[in-house]
Amino acid sequence: MNEAVETIGRDLGRMFQALAGLLFVSILIPIVWGEYYAIPALLVSGLIPFAIGYALSSRFRKATKPGKLHGMIIAALGWFCVAIFGSLPFVLIAWTVEFAPPILGEPSQTSTLAAFTNPLNALFESMSGFTGTGLTMTDNEEVLPRTLQWWRSFIEWVGGVGVIVLTTAILARPGSGSLTLYESEARSERIHPSIVSTVQTIWWIFILFTFVSILLLWVVGMPIWGAINHGMTGLATGGFSITDNSIATYDSAAIDFALLPIMLLGSIAFPVHYLILRGDLRNLYADLQTRWVFIYMGIGTALLTALVYVGDTYDSLFTAFRYGSFQFISAATCAGFQTAVDATNVALGRWPTQAQLTVSFGMLIGGAAGSTVGGIKLIRALTLLKGIRFRISDVFYPETAVRRLRINGRRLNEQEMRQEFEEAAIITALWLIFLGIGTFVLLLLLPQGEYTLENVLFEVASAQGNVGLSAGITGPESLPTLGKIMFLFNMWIGRLEIIPVLVLLRAGFRRGGLY
Amino acid sequence: MRINELPIVGELLESGAEDRIFDSLLLVGPLLILVIALVGRSVVTTGLAAAYVVFFVAYVLYRGIRH
Chain R
1 MNEAVETIGR DLGRMFQALA GLLFVSILIP IVWGEYYAIP ALLVSGLIPF AIGYALSSRF
61 RKATKPGKLH GMIIAALGWF CVAIFGSLPF VLIAWTVEFA PPILGEPSQT STLAAFTNPL
121 NALFESMSGF TGTGLTMTDN EEVLPRTLQW WRSFIEWVGG VGVIVLTTAI LARPGSGSLT
181 LYESEARSER IHPSIVSTVQ TIWWIFILFT FVSILLLWVV GMPIWGAINH GMTGLATGGF
241 SITDNSIATY DSAAIDFALL PIMLLGSIAF PVHYLILRGD LRNLYADLQT RWVFIYMGIG
301 TALLTALVYV GDTYDSLFTA FRYGSFQFIS AATCAGFQTA VDATNVALGR WPTQAQLTVS
361 FGMLIGGAAG STVGGIKLIR ALTLLKGIRF RISDVFYPET AVRRLRINGR RLNEQEMRQE
421 FEEAAIITAL WLIFLGIGTF VLLLLLPQGE YTLENVLFEV ASAQGNVGLS AGITGPESLP
481 TLGKIMFLFN MWIGRLEIIP VLVLLRAGFR RGGLY
Chain W
1 MRINELPIVG ELLESGAEDR IFDSLLLVGP LLILVIALVG RSVVTTGLAA AYVVFFVAYV
61 LYRGIRH
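Sequence lines, in order, name chains R and W.
Each residue of the first sequence is one higher than the one before, starting from 1 at the first, in the numbering used here.
Each residue of the second sequence is one higher than the one before, starting from 1 at the first, in the numbering used here.
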């Protein structure tokens, strides 16, 4: 057997075992809520990845450590497979209810749940969850069984930090090549010298913040089940909701404003959280990305508030601020919660064009690298801006001048700057190329005249930026099958920052020396 | 017994900000949520939940000032 295949197989096996653990833990939910018909579906859903994972990891347990190529293939392939296995509860529970076996009670079928009898819809939901996107194939989340409401929130919560980070925290040991995998999952920052210790600290922070978020939401008036789910998906900046109209269902300014700090927490890098918890509050403004999280959100909020107020979308400045601040922060942190929906107010898809494009721009950039957000990330946007300024001002200096670029306290020489700038430019360019491809494909697929160009751009940016805000295109009926497949791809590449997926595709097409 | 020798939660607690107060908040959090789920909304549970959130924020600020 090829050495590379063994390494990839071993690490994929570990990921599948970690996923199986999540499924087995989730059996508590149908037990608590009395949804006993969901238990066999969860058991089967867990046993399949466990058996495959166990077989792979024990068969190849002596495989060598992963290199950079392996790491990227494991990340790309692993995330796709995890999305596939993660869709099993949706499919199996939907079919269990469809058949309604008398021995498991008589759960009632709904059109929302029935949509998951189509495996593509289930895969879409699972990919949307794990990638923290939040676009959904359900048309009324409230009627879903509690088990599936939980599973959607849980996979978003785990996906926010990362499946590999989860696997590393539980199963990896120091020196097992975890760093390569960690970096392949769009992460690079370390809190401790050891990567295993780093990911454990990330989980420590994430779990503590989750409790704080849940309790804060409950205090401001959200029912406890809603607070648990929205606390998890808000912090993970995923955006799945358990209510039909997302956060608009509660129609409460207090809940809207309580979610702002939760989403902002999710958009700040974990190492900065760690330093702040250690007492080093200076990082709130000293760290370049964190400083810009606040500046960027502040400017975006002010602009969007002005646009919807001046555009007469809302008749009072407070209402414009309430919806403008929530929707911009929800978009820029890539949470994707919605308060602007038809049921309570003016839907986002009917906001003025310039307001929709402002929200789209928010999605495009996203928050800080090393947090739970998607998008291009602030550090890349800042590197590009600083790099462009550096290049232009170059003309004004003599050729012999030695210049350095300062980014986030680091002084980069010419070569380092070139490297950072190139990486940021490549990812941004790829991001925009795939945004263009997605938009083109959707324009071909959707019925003529039903959606505007800004609606389509908005929806594709939302899928690829792992945001989840919708202009109304995504749905089990409204989005054609090919559109769903396109969005699956957009969500997948968006979460992994494109390159690992391209590496996997290249390896697949050219066999990449794997065998 | 060292903190990392505690069953189940030992490794997790050892990984944090190395502060007993934050570790305690981490342990108390799920219990408080469980109590709220069982008892529901009352003056006591609301007070406890509000105290948890306020204490967390206040303690972060306190650590910042002390630092």
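FYI, nobody ran anything at the bench for these hints, they're computed from the structure.
Hints should not be assumed to be uniformly reliable.
[Stated by the list, open to error] Partial list, computed: chain W residues near chain R (C-beta under 10 angstroms):
#1 44
#2 56
#3 58
#4 62
A virtual CB, placed ideally from N, CA and C, is assigned to each residue, including glycine.
Hints versus structure:
1. 44: Status violated, d = 13 angstroms.
2. 56: holds, 5 angstroms
3. 58: Not OK, violated: residue 58(W) not within 10 angstroms of chain R, min 12 angstroms.
4. 62: Check passed: Cβ of residue 62(W) comes within 9 angstroms of chain R, closer than 10 angstroms.
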